Amino acid sequence: MNDDIETTLPASSRHRALTTLELDAIGTELDTLRSEVIAGLGEREASYIRQVQAIVRYTEIGGRGLLFVGWLPPAWLAGTSLLAFSKIVDNMELGHNVMHGQYDWMNEPTLRGDTYEWDHACEGDAWRHSHNYLHHTFTNVEGRDRDIGYGFLRLFPSQRWQPLHLIQPAIAVGLAALFQWGISLHDLEIDRVVRGKVPVEKVARDAAPVLRKALRQFAKDYVLFPLLAGPAFLPVLTGNLAANLARNLWTFGIIFCGHFTADVETFPETVLEDESRGAWYVRQMRGSSNLTGGPLFHFLSGNLSHQIEHHLFPDVPAVRYADMAERVRGICERYGQSYNTGSFWTQFTSVVSRIVRYALPFDAAVAA
Amino acid sequence: MPTRSPTPLVDTHWIDFALQHLDRTFSLTRTFTRVVKTRHETADMTTLVLKPNRRFRGFVPGQYVPVRVAIGGVLHERSYSVTSEPHERTLAITVKRQPTGTVSRWLADEAEPGDVIEIGQAAGDFVLPASAAAPLLFIAGGSGITAVYSLVRAALRRRRDANIVLLYYARGHADLAFARELGELAARHPLFRVAFLPQVLDDGRAPAGRFSSTHLATWAPDYPERDAFLCGPAGLTRAVASYWEDAGLTHKLRREAFVLGSDDDRTDRVAASVSFRRSVRTVQSAAPTLLAIAEEAGLRPSTGCRMGICRTCTCTMVSGTVRDRVTGAIESAAGSRIRICVSEPLGPVTLDL
Chain S
1 MNDDIETTLP
11 ASSRHRALTT
21 LELDAIGTEL
31 DTLRSEVIAG
41 LGEREASYIR
51 QVQAIVRYTE
61 IGGRGLLFVG
71 WLPPAWLAGT
81 SLLAFSKIVD
91 NMELGHNVMH
101 GQYDWMNEPT
111 LRGDTYEWDH
121 ACEGDAWRHS
131 HNYLHHTFTN
141 VEGRDRDIGY
151 GFLRLFPSQR
161 WQPLHLIQPA
171 IAVGLAALFQ
181 WGISLHDLEI
191 DRVVRGKVPV
201 EKVARDAAPV
211 LRKALRQFAK
221 DYVLFPLLAG
231 PAFLPVLTGN
241 LAANLARNLW
251 TFGIIFCGHF
261 TADVETFPET
271 VLEDESRGAW
281 YVRQMRGSSN
291 LTGGPLFHFL
301 SGNLSHQIEH
311 HLFPDVPAVR
321 YADMAERVRG
331 ICERYGQSYN
341 TGSFWTQFTS
351 VVSRIVRYAL
361 PFDAAVAA
Chain V
1 MPTRSPTPLV
11 DTHWIDFALQ
21 HLDRTFSLTR
31 TFTRVVKTRH
41 ETADMTTLVL
51 KPNRRFRGFV
61 PGQYVPVRVA
71 IGGVLHERSY
81 SVTSEPHERT
91 LAITVKRQPT
101 GTVSRWLADE
111 AEPGDVIEIG
121 QAAGDFVLPA
131 SAAAPLLFIA
141 GGSGITAVYS
151 LVRAALRRRR
161 DANIVLLYYA
171 RGHADLAFAR
181 ELGELAARHP
191 LFRVAFLPQV
201 LDDGRAPAGR
211 FSSTHLATWA
221 PDYPERDAFL
231 CGPAGLTRAV
241 ASYWEDAGLT
251 HKLRREAFVL
261 GSDDDRTDRV
271 AASVSFRRSV
281 RTVQSAAPTL
291 LAIAEEAGLR
301 PSTGCRMGIC
311 RTCTCTMVSG
321 TVRDRVTGAI
331 ESAAGSRIRI
341 CVSEPLGPVT
351 LDL
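Chains S and V, in that order, are what the protein sequence lines are. In this text, residue positions in the first sequence follow my numbering: the first is 1, and each later residue adds one. In this text, residue positions in the second sequence follow my numbering: the first is 1, and each later residue adds one.
Just so you know, the hints here were simulated from the structure itself, not pulled from any lab data. In this text the structure is predicted, and so the values were computed from the model without any measurement. Think of the CB as a built atom: it goes at the ideal place given N, C-alpha and C, for glycine as much as any other residue. Worth double-checking, as some hints may not be accurate.
As the list claims (entries may be wrong) - Here are some chain V residues the structure puts well away from chain S; computed CB gaps all over 10 Å:
#1 Trp14
#2 Lys37
#3 Phe56
#4 Ala70
#5 Gly73
#6 Val74
#7 Leu75
#8 Arg160
#9 Ala162
#10 Glu181
#11 Ser242
#12 Gly298
#13 Arg300
#14 Arg325
#15 Ser332
As the list claims (entries may be wrong) - Going by beta-carbon spacing under 7 Å, a handful of chain V positions derived as facing chain S:
#16 Phe17
#17 Gln20
#18 Gly72
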């Protein structure tokens, strides 16, 4: 066997096969890009994330304040919009990114990835396990990455069909509307407990902090603030509901477009055996998809519109992904790998068509 | 493993954020200070007078405070001795500007009145003994004078007629900090004697030379009876400590090891294999500390003083054997909590990082 020309990552419809040497070269190029960006981090990124933190707080104060006079329809609308904006930025550009440790280099105790807590029903440590560890390490590996369909949606032909999948378009709408609660329960792996793959005791052990955080979040938005508002109880309650709904729909859309668009690939568990750094990088590229848009769109997506760059460099401040994207794209082109990107609507339509198509018992052969 | 206290009903970061709109030093949890003035003691030593917020719990003379400043977006921490007295309303620290020091250069060159600087609570056991009876001997070198100056003043405040000898080593006469203040104290307190011992020829006088038994014989022939305090650079502390050891007097010597043993550039160190469990990474490195190895590997653990004081970098050692570079203690118990900034691997080590 000749190692130099041995193909370790097979070709697929959109990507040519890569040899071990090519994978190593890709690994080196991306490592170099990463070190260059890390070395350049400084005052600019530090003051940026502080500004983001300030924006989240000012808009939350403004939004909740306006809802206190929410009997006036314009105040309700403005308050709800501001609060939704605040929650979206808190979740994406601030919370998600800080919790990846993207700003750990600042050594600032309030921005540390391993202790940060966000305005979200999902408890921080559960998120760090299910997202930072499982999803980012085993991205799109069947049976390992629990974000593939979140345990109950069938999005790829390789997933086994079950009758319940017939109603998955409706389930997906419900998940989108209640996304933060879905994420909150995700790490408890209730689907695997039901199927007897995880002992009940594990849920019992993990559930306490998760439920405490979820309860606290519920109490804050639906009890505490409405009560504080006194006569404005109802507008505050409905405003908080609407803001959470808007945030849930938006984050669902962005996240589903990151891994479930038409051209993303999933991988059998065997790819993990002796996977090189380069092969890991290529798996991240083939398993993720980007969204095109303007600066405000990228900001509101927490720069997860650069999902490919995020998966290559999850702990690099996301505000740098746009700059890195050109180099990543160049690498993809030179090595014959497709760089999966498109507008939000193109990508989202392909996600919806996946949800609908794989609700039916097509197998891999039919789907292809 | 990070520990968190149960989240209070209202996030304290939120309250701090609001408070800092009123005054940038206000905080419920962190000790911020405002720079009141800065004063040059020598060409490379600067005193910063700070007004702390109400989180500061005070200090005992001889202690240091951790000082945190954000430079280039990164929060750096170093510890400096307090050189003011406990009854004053402000807090003074005296900083020696290191030619390549990130924090000391910033404090010496950039800090100005009005700036807000974060500090931590005072710490350190380089303090006066509870009993005030015994005569005292202080040996200070270079920036080590900062802690010693505090102790001398506190001892004289406690007893006007305290019997004190201070041997103060510095490069040249111009490098003696607090020389005027110490001279005035000696004039007011007849039993306090201070010997300025510059190492280079200047003012037309011969250099005093390094610490020796002659200095002791001249200034403190009764040194075995004295409670001795030592703070200075590695060379001086080694010389004095071994002298006291040879005399069987180690129990009478207190020392502040502000500077780590300078064997960072030792070349005989063998590369150790260090695994970072949570980061799923294993590296081979001959770097002197686990912190340096972790940073080489691209990890960014929490750090504070980087000299074994503040415990910010404490983490769990899953397995392995390490040596504490400050105390020399060997630790090999699985699951022990170690400070990685001063831990040197003595073989393969696995950390929960």
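Hints versus structure:
no., hint, verdict
1, Trp14, "violated, 7 Å"
2, Lys37, "holds, 26 Å"
3, Phe56, "holds, 17 Å"
4, Ala70, "violated, 7 Å"
5, Gly73, "violated, 3 Å"
6, Val74, "violated, 6 Å"
7, Leu75, "violated, 4 Å"
8, Arg160, "holds, 45 Å"
9, Ala162, "holds, 42 Å"
10, Glu181, "holds, 36 Å"
11, Ser242, "holds, 37 Å"
12, Gly298, "violated, 8 Å"
13, Arg300, "violated, 4 Å"
14, Arg325, "holds, 21 Å"
15, Ser332, "holds, 26 Å"
16, Phe17, "holds, 6 Å"
17, Gln20, "violated, 10 Å"
18, Gly72, "holds, 4 Å"
Against the hints set out earlier in the document, violations occur for numbers 1, 4, 5, 6, 7, 12, 13, 17.
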